[in-house]
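Following the hints, position chain L against chain U.
Just so you know, the protein sequences line up as chains U and L, in that order.
So for the first sequence, the working numbering puts the first residue at 9; every next one is plus one.
So for the second sequence, the working numbering puts the first residue at 9; every next one is plus one.
One should not assume that every hint holds.
One copy or two, either will do: identical chains are not told apart, so a pair holds if it fits within one copy or between any two.
[Unchecked claim] Derived SDA-like pairs (lysine to any residue); straight-line CA-CA distance at most 20 Å:
| no. | residue 1 | residue 2 |
| --- | --- | --- |
| 1 | Lys220 | Leu174 |
| 2 | Lys328 | Asp315 |
| 3 | Lys82 | Leu30 |
| 4 | Lys42 | Leu30 |
| 5 | Lys220 | Lys328 |
| 6 | Lys251 | Ser191 |
Hints are computed from structural coordinates only; laboratory data are not their basis.
The model shown is predicted, which means the values in this text are computed figures rather than measured ones.
There are 2 protein chains.
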Amino acid sequence: MIIDSHAHVVLDAASYRVMATLTGGRNNPRSMAKLPPDSVLEKTVQGLLAQMDEVGTDMQFLSPRPYLQMHSLKPADVPLVWARYNNDLIHAHVQIAPDRFRGIAGLPQFRDTSPAACIDELERAVSDLGFVGCLLNPDPMEGDGPPPPGLGDEFWYPLYEKICALDIPVLVHSAGCCHPRESYTLKFINEGSIAIMSLLGSRVFEDFPNLKMIISHGGGAIPYHIGRFRAGHIRRNQDFDAKLKRLHFDTCVYSTEGLDLLFRICGPDNCLFGTERPGTASVFNPEWGHELDDLKRVIDRIDWLTDEDRAKVYEGNCRKLYTRAFAS
Amino acid sequence: MIIDSHAHVVLDAASYRVMATLTGGRNNPRSMAKLPPDSVLEKTVQGLLAQMDEVGTDMQFLSPRPYLQMHSLKPADVPLVWARYNNDLIHAHVQIAPDRFRGIAGLPQFRDTSPAACIDELERAVSDLGFVGCLLNPDPMEGDGPPPPGLGDEFWYPLYEKICALDIPVLVHSAGCCHPRESYTLKFINEGSIAIMSLLGSRVFEDFPNLKMIISHGGGAIPYHIGRFRAGHIRRNQDFDAKLKRLHFDTCVYSTEGLDLLFRICGPDNCLFGTERPGTASVFNPEWGHELDDLKRVIDRIDWLTDEDRAKVYEGNCRKLYTRAFAS
Numbered sequence: 009m010i011i012d013s014h015a016h017v018v019l020d021a022a023s024y025r026v027m028a029t030l031t032g033g034r035n036n037p038r039s040m041a042k043l044p045p046d047s048v049l050e051k052t053v054q055g056l057l058a059q060m061d062e063v064g065t066d067m068q069f070l071s072p073r074p075y076l077q078m079h080s081l082k083p084a085d086v087p088l089v090w091a092r093y094n095n096d097l098i099h100a101h102v103q104i105a106p107d108r109f110r111g112i113a114g115l116p117q118f119r120d121t122s123p124a125a126c127i128d129e130l131e132r133a134v135s136d137l138g139f140v141g142c143l144l145n146p147d148p149m150e151g152d153g154p155p156p157p158g159l160g161d162e163f164w165y166p167l168y169e170k171i172c173a174l175d176i177p178v179l180v181h182s183a184g185c186c187h188p189r190e191s192y193t194l195k196f197i198n199e200g201s202i203a204i205m206s207l208l209g210s211r212v213f214e215d216f217p218n219l220k221m222i223i224s225h226g227g228g229a230i231p232y233h234i235g236r237f238r239a240g241h242i243r244r245n246q247d248f249d250a251k252l253k254r255l256h257f258d259t260c261v262y263s264t265e266g267l268d269l270l271f272r273i274c275g276p277d278n279c280l281f282g283t284e285r286p287g288t289a290s291v292f293n294p295e296w297g298h299e300l301d302d303l304k305r306v307i308d309r310i311d312w313l314t315d316e317d318r319a320k321v322y323e324g325n326c327r328k329l330y331t332r333a334f335a336s
Numbered sequence: 009m010i011i012d013s014h015a016h017v018v019l020d021a022a023s024y025r026v027m028a029t030l031t032g033g034r035n036n037p038r039s040m041a042k043l044p045p046d047s048v049l050e051k052t053v054q055g056l057l058a059q060m061d062e063v064g065t066d067m068q069f070l071s072p073r074p075y076l077q078m079h080s081l082k083p084a085d086v087p088l089v090w091a092r093y094n095n096d097l098i099h100a101h102v103q104i105a106p107d108r109f110r111g112i113a114g115l116p117q118f119r120d121t122s123p124a125a126c127i128d129e130l131e132r133a134v135s136d137l138g139f140v141g142c143l144l145n146p147d148p149m150e151g152d153g154p155p156p157p158g159l160g161d162e163f164w165y166p167l168y169e170k171i172c173a174l175d176i177p178v179l180v181h182s183a184g185c186c187h188p189r190e191s192y193t194l195k196f197i198n199e200g201s202i203a204i205m206s207l208l209g210s211r212v213f214e215d216f217p218n219l220k221m222i223i224s225h226g227g228g229a230i231p232y233h234i235g236r237f238r239a240g241h242i243r244r245n246q247d248f249d250a251k252l253k254r255l256h257f258d259t260c261v262y263s264t265e266g267l268d269l270l271f272r273i274c275g276p277d278n279c280l281f282g283t284e285r286p287g288t289a290s291v292f293n294p295e296w297g298h299e300l301d302d303l304k305r306v307i308d309r310i311d312w313l314t315d316e317d318r319a320k321v322y323e324g325n326c327r328k329l330y331t332r333a334f335a336s
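Next up, chain U with everything else stripped away, as it sits in the complex (with noise of 0.2 Å):
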């Protein structure tokens, strides 16, 4: 089986029109706005499961499209309305194909304010919606201001003890970026670094050793840049090769040679495939006669795999890991 673990909804025009609404009327978002009909929900579906079909995606794991998340903007009930509506969309999906989605909570994260306030939208997306793991943002202020503290900090603990408590992974991803320097797509990259630094040189597996934390986009540039950070440890007699295996790490990088390094420094053991198709990747790449985002593609031909490390990384880890999505 080949699970994508790393794949976003796609707005439909209704849902656009709703996230427009939300943006220009958040004086007064409190409104709840409806899901698109039926035959819009089953003709995205169709679009979707056309798109896993073509690369032998026989899964995938759907959250809010990130860089859509409104995280910053004001007030709080903004980024609240839109994370519900976009969860509800994501129930919609599930209940059309259920053997062929599952659902990540996109949560209410709301600039510097603690992520406490996003326990009762995560109860309900598990509880009540029957999802499976959640995302979470490492700097909901998008780039608008100073961020909160790195995910090592207490600052993030009352929703890590939710999460714990519904045993559910967490993909770490940034949503947006304000600021002109810094794209969302690269601040993707450069957060995925920020929280792992910040989360292997903290107390939070101590404090929470049931936490399970997956690093979007392979790990942002540590895996690449991973000797700068052994020396320190050495220095130190520890172990950053080890620390690191307490994360794991998604596929979302679009090059045979990303991802070769990423399986070499990081482990099989320890990847999940992912692909965000339908998203940036998906588009034709001559070289490989195929779309970037055919990732089975380029992982099939690294040759120093084995089958089962293969088995790992397209199902097994992710089996491991979201314990609620196989769950009778």
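Coordinates of chain L only, in the frame set by chain U:
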């Protein structure tokens, strides 16, 4: 000849005292601090030469230690006096061992002030002290507030004009970082990524066709994540790899896998040997049987590189870019 293009001065006790006095007395930092006596300078230089000889480095290009540049410390005279001191210190090194060192100027950048304020000191360093290049910090706010515009912005043009007139390369390298969630060492990497995307998304190289930019630390995260940026460029019918070749990169990446990826993505024609020795990675790596910053041994072991490739990386590319370094 083995040229280490990325190396920094090691401050002696007297120089640390100068820095401390400047920091403590920053209301009145105008008085120019004196360099340590010749005996101290001689000892420091001998220490550096010993470390170079241990790994077979013939020449180092010395710049100020980046994280100690104090670019965000108020008032502006603090980084100015300190940059001048560091440049004089480096000049003294070159005077003692002119066959082993070249000077790379630190600039008195100050928070979000126009880099035009750095031109006088750059002119002094190149014309009076014989320096052959300069550092450039993309975020002299050092995380203490919103950074200035990206390196692709016209904000930087007055400095680029001077740099082109002097025909010196720029080594892009951030300095300190005040925000607890991002260490200065991690910021080096993140700022490298931001710098690349800002430069390649701008008109800078059309407006300054002779501008020579070296992105330190192996180009931040960009080579590892090149697929992501290729995707956006393929969509616009552009070639990201071709654009990337407009830049140069140094080899301050301390793993075999990382260096292998750097050379495969950026190409041996665009990489300059650099180790930052002595620095972060001057620590014994039991797995290699030598220090992590003894990178020549690592590069020598990458078997697909040809002798010609290695000659370019160790010497040729550096000579080509740093036209003033070997002028008679």
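Review point. Which numbered hints turn out to be false for this structure?
Key: Violated hints: none at all, because every hint is consistent with the structure.
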